[in-house]
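Chains as they are written, first to last, in our numbering: chain A, 131 to 535; chain B, 131 to 535; chain C, 131 to 535; chain D, 131 to 535.
Certain hints may be false.
Computed list of lysine-lysine pairs in DSS-like fashion (alpha-carbon distance at most 25 angstroms, straight line) [as the list claims (entries may be wrong)]:
no., chain 1, residue 1, chain 2, residue 2
1, D, K482, A, K500
2, D, K217, A, K500
3, C, K205, A, K504
4, C, K334, B, K482
5, A, K148, C, K207
6, C, K500, C, K205
7, B, K357, A, K137
8, B, K148, D, K217
9, A, K137, C, K205
10, B, K436, B, K374
Everything labelled a hint here was simulated from the structure, so no lab data went into it.
Protein chains: 4
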Amino acid sequence: MNINKLKIINDPVHGFIKIPHEILFDVIEHPYFQRLRRIGQTGLLNLIFPGATHTRFHHALGAMHLMFTALETLKQKGISISVEEEKAAMLAILMHDVGHGPFSHALESMLMDDWHHENLSLLLMNRLNDEFKGELTLALEMFQGKYHRKFFNQLISSQLDVDRLDYLKRDSFFTGVSEGNINAERIVSMMNVCEEGELVIDAKGIYSIENFLTARMFMYWQVYYHKTSALAEFLLVKILERAKFLVSQGVDLPATENLRYFLYRENNEATDEDIFRFTQLDDNDIIQAMKIWRNSDDFILSYFCKCVIERNLPKTIISSQPFDAKFINEKIKTTNDFFGINNGNLLVHEIKRKLLPYDSEKQPIYLLQKNGKKIRLDQSQDQLLSGLLITKTQRFILTFPREIS
Amino acid sequence: MNINKLKIINDPVHGFIKIPHEILFDVIEHPYFQRLRRIGQTGLLNLIFPGATHTRFHHALGAMHLMFTALETLKQKGISISVEEEKAAMLAILMHDVGHGPFSHALESMLMDDWHHENLSLLLMNRLNDEFKGELTLALEMFQGKYHRKFFNQLISSQLDVDRLDYLKRDSFFTGVSEGNINAERIVSMMNVCEEGELVIDAKGIYSIENFLTARMFMYWQVYYHKTSALAEFLLVKILERAKFLVSQGVDLPATENLRYFLYRENNEATDEDIFRFTQLDDNDIIQAMKIWRNSDDFILSYFCKCVIERNLPKTIISSQPFDAKFINEKIKTTNDFFGINNGNLLVHEIKRKLLPYDSEKQPIYLLQKNGKKIRLDQSQDQLLSGLLITKTQRFILTFPREIS
Amino acid sequence: MNINKLKIINDPVHGFIKIPHEILFDVIEHPYFQRLRRIGQTGLLNLIFPGATHTRFHHALGAMHLMFTALETLKQKGISISVEEEKAAMLAILMHDVGHGPFSHALESMLMDDWHHENLSLLLMNRLNDEFKGELTLALEMFQGKYHRKFFNQLISSQLDVDRLDYLKRDSFFTGVSEGNINAERIVSMMNVCEEGELVIDAKGIYSIENFLTARMFMYWQVYYHKTSALAEFLLVKILERAKFLVSQGVDLPATENLRYFLYRENNEATDEDIFRFTQLDDNDIIQAMKIWRNSDDFILSYFCKCVIERNLPKTIISSQPFDAKFINEKIKTTNDFFGINNGNLLVHEIKRKLLPYDSEKQPIYLLQKNGKKIRLDQSQDQLLSGLLITKTQRFILTFPREIS
Amino acid sequence: MNINKLKIINDPVHGFIKIPHEILFDVIEHPYFQRLRRIGQTGLLNLIFPGATHTRFHHALGAMHLMFTALETLKQKGISISVEEEKAAMLAILMHDVGHGPFSHALESMLMDDWHHENLSLLLMNRLNDEFKGELTLALEMFQGKYHRKFFNQLISSQLDVDRLDYLKRDSFFTGVSEGNINAERIVSMMNVCEEGELVIDAKGIYSIENFLTARMFMYWQVYYHKTSALAEFLLVKILERAKFLVSQGVDLPATENLRYFLYRENNEATDEDIFRFTQLDDNDIIQAMKIWRNSDDFILSYFCKCVIERNLPKTIISSQPFDAKFINEKIKTTNDFFGINNGNLLVHEIKRKLLPYDSEKQPIYLLQKNGKKIRLDQSQDQLLSGLLITKTQRFILTFPREIS
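Same shape as in the complex, but just chain A (with noise of 0.2 angstroms):
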């Protein structure tokens, strides 16, 4: 009877989320994926967003969802793909971010300067390759963009890939911000495969694609990159930094086994028990440690710790243009006069956030036309943003205490 089984996970996001392969199953129970339950989204933007307290384990399964629908969809257009293929890309997806450490890139050079998250990705990957005797091993080359039918890596990472339309989907759904609901239903019927085996868009889905585009960058302004979130990132680095800075000067920093490994680990090639470590930590261990170290005898440390724990967030103004040395030093004064220190620089700071919506010179976007030729979205005649949307943006950040403002 086994054959009739179909596992099922629901999802306020996509309806509900089908497993259609064996192995699919058995990569998501394993503790490696597991473990991403205990880890954040969007890190700390629920001090902004309360309802964005999503995992990256919720939004891996919402990858793997829209990648099976992708593939559906290019087979009925007429694209053969194979079983194989199929389970493939959507293993690839599915474990595309296992390498993510707790609260996600603010923390990972942090924690490890040396790696980045896509590498640890690649190194586990490998490591459950091995465990589940080289099943993986399309999976890797695909994500690697190793295979030949460019197609498939384009799903896993380009500008139109399922992880974005996820993210950005569940992002919008979770944090209430319904500026950036995109249609990745929509989206995803719109795609096609041309002569050359890449990625491209039906024409007549220009402004799905245009209205995701611009969804996207609102995403960026009003959510990622809002001046209260960029600040909660800047906090976070702020005391992993901090805490590695005292440690390193012989501070004995309370926190658990794992996150203390990693503030006294040098930088060099990772261990088998660098890996170890790693898999062990997700966002309680950093949680956990600023909860105590509010009561750390180092006025940073603990001023900043409180500033997450009790939301009692330090001020920011935000401008399109850079701030003044000169205003930003005396703001350093002040600081320095008010708390009766000499490192007030620690606690004001210029944050930058830069955003190009839509990078038309690597790895355009490009439409199928009607004669069977694509053609890249900001020269189609039909465009109405998208060559609007190819300068970047940005925006300068100031952050200083609220006693001083």
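Got chain A; can you put chains B, C and D on it based on the hints?
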């Protein structure tokens, strides 16, 4: 210009939440309330419904929002409500969960035998009232049912209170279990106050109420009392029980300082230190402990912690009848044999769940008829289901190690 | 490049609808099917629920979409389904309503006593089959239950067919009555085929089915059998009855040529002209007639038409018991007196509605248990409500002129 | 008990609509307003988006609802608004479309050259004011911009009025084009009134406004100005033009009495009979006429009517440049040759559509900055797109008979 300001918080469930009075905002900013950001609304249910990562913090805001709309509706129907009453009702519901411990109900008794979260909420609300110089006095009266206009207390705590309306809608939203998606806005719009000053529902809203009652029933059996949810809650309780037991036997269990405090605490009147320690605890303390205790020398503690953290859950079977003692004993024996232990009884357990979908005796729901008289929901000639929902349903869930199944 | 094309139709209910086979598109383009654009799905219900202006055309497309997803699910569960079977099942459900007359069921008997819309659908489907050179033969077999694999017919017509799934979801969506918002996608995902080749539901989907049954019950009493809905349908029937009567008395009633044809038609076997005329009729013919007949010399006809067109509806009272004959007669007498007429009995009427939420005897719903055996929904030990939904509920609605109330 | 009553109308778009004042309900019940039930909001767009069958009636209610929430928001921000002002503003927006003819804008000029629907709305509003004994006087002042508090008129008619907010959201909802799904509730919550008494948007709402402007742009090009939508509107105009022409040539065209009246009417000042006849017309008159005129002896009229009724639409091609005159002439010649006619020029037509997404010159949108000063949206340093949306885009659509393509 300050008067023109209106604080707004994003909420994917209700659109967004307005905070119309300053005192509400001040309470929200208090560390007691901010702590609720780190306490999940549905405990470990995210092991079964991965979207269910929402917090008590967000729920409390949502319930406050529904209170606001309920009062607006009543005012539009001609019920006079003063600004002070509005503030108080909103404050009361905002704070109703402030005494929640980590992982909610499941662990409260374990941590502090002689309290339960409503007592704690009251205790903490009293402390807040002191801090806010008596501004919460009326809210406390309403919360305790001491205020003479009964409908305020009924909006806070009854079979149709805004607490239930928010958590059912919110839990349905985040779990993705659409069967529980009640129309809170519609129910609120049907609220009224009868001559006796009690909360009633306009007669034409009867089906919305019956639908609410069935939706609630489905949420219980499909989500809260889902056999794996019941199991997860059971595991949590057993883990803390075991930890307390081991500590009482002199075992030194690593944990955060505040959690250790409660593992060692003897039951008696709550002291100031108890209160302080309690307000430092959140879900992270428990999760972190379980992560560490996976490596405990105690087989039972280690076994259960691994189950939760790696989501490698014990087996469950469900029945509408109690399980046969003989059958249970055999499972225990097999467990003992399999693991070579003699306390297998701790790994085999019958969990019981029962639900009364609608209590027609205690605080029944009343409809307001066109003639101005109220009538009990289940006695209305229009009722379709209410009369059928007044009997308890129960389920028995037997759990035992997956290894012996 | 044609093979890469995939027709897509926007649908706010299901997202969008893919048309995977050319023949489906050809049938959709046929004037028989296009006519359904001008036939409302829920007749005059938009007088009560102003959003309910959706059409049979859209419903048929939606049901076809659900058929597609149902068959996809079954294939994923290992049921083999050929392309020809898929096409046929989609065609059958696409055409299932093609015989619907204007304002649906209400007027069919009035226009053509001896037919009903399923006969007509079959008749028109046969004509289409001739036009399409036999391409619809298998669809016709499935529609009529003559195909040996029973589940195809059950998907077309049973207590859980895709027709119901679509119309409940669609009507709930457009009326805004959220109590009827079933999770069609989830129910479809729980479908399976048992050893006997019959449609069953995976046992774990039981609550979704029970929720579907209660949602359907609420939709009936809250929408379809709402007292004003019942009234509107009654008015329509009475208007056409009166028009036929007047015509039989030699009165010359203005109407479109095709409607006049049916007002004068004697009942007997359907002729070719009958069929042709019928396929020219739609809601507009009836509405236009009512607009004109408002000015009829006949008081009854004029009265009823004004009621509908100006939405100045007669009074209704509802009861779970039949109304007393004496009470009704008094209403008639008052009506006669008030208007100075002697056929007031035509303006006073008791309308009856009854519903069996779940028929456990005729074509019951079956669950597929883990052991591979099927069990009747209402006999499962897990059922919560099904056993309660097997008795009929009825309501009596008395209507009389608002002027006398 | 009457004071406790609150009329509620279901609306799938806004949840439901409360009618807080009796006079609003009375206007809604008036035949002038009930007629809007039979006038589609988006004309023939349901030929392309089958869900778009919603009516002007529902839109007017929706806009009234948004007006109510906008005024509630402003009151919460400290703007004083009297009950009389609230009533008047709600009445004004409720009636703003009461002068709409069948199939909206497209046919107005055809039916009554010298009027347009805003004049008609005003005319009909004045008549209603007479009937309601002057109760609508303030509403009329606001509608005409004569009331001294400008923001009322701006809420009724400006680049950010509640009319636009409702129709964009509603049309997006019913068409299923999610790209146009604006967050009306959020925009409303960001509304404010500046010192000068004008409508402004809180500065932090800037991205919601920019998203609104882009969503509107997408709705225009994807829905309202979709090449097939443009075609359908063109066909309607041409059909009525042709009918008027034929009538002027002495041809006797069957139609309902009221439509015939306008086909024969000479242009001049509106008479009382004109007004009366106009208020009897709705979409059904036009559709019925097209159904009949399919069989007209006039090739052009018959051809166009068949196109619409059987949805067998002419061919269209779209371009961002005007079509070459030579190319068009060739199409005309081929058409003449193919059908053996000499007025093929009536079947070949270049339709032009242009859009200015944001008009920064005429009634620009203003943001309210923290310093209490207003600033033009496109001059804010935070704007991302507004500066890019101030140039017109245009498209040219050439239509010609499918037979010659």
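Each hint, compared with the structure:
no., hint, verdict
1, D:K482 to A:K500, "holds, 23 angstroms"
2, D:K217 to A:K500, "violated, 54 angstroms"
3, C:K205 to A:K504, "violated, 34 angstroms"
4, C:K334 to B:K482, "holds, 19 angstroms"
5, A:K148 to C:K207, "holds, 11 angstroms"
6, C:K500 to C:K205, "holds, 19 angstroms"
7, B:K357 to A:K137, "holds, 17 angstroms"
8, B:K148 to D:K217, "holds, 24 angstroms"
9, A:K137 to C:K205, "holds, 14 angstroms"
10, B:K436 to B:K374, "holds, 18 angstroms"
Violation of the numbered hints given earlier is confined to hints 2, 3; the remaining hints are satisfied by the structure.
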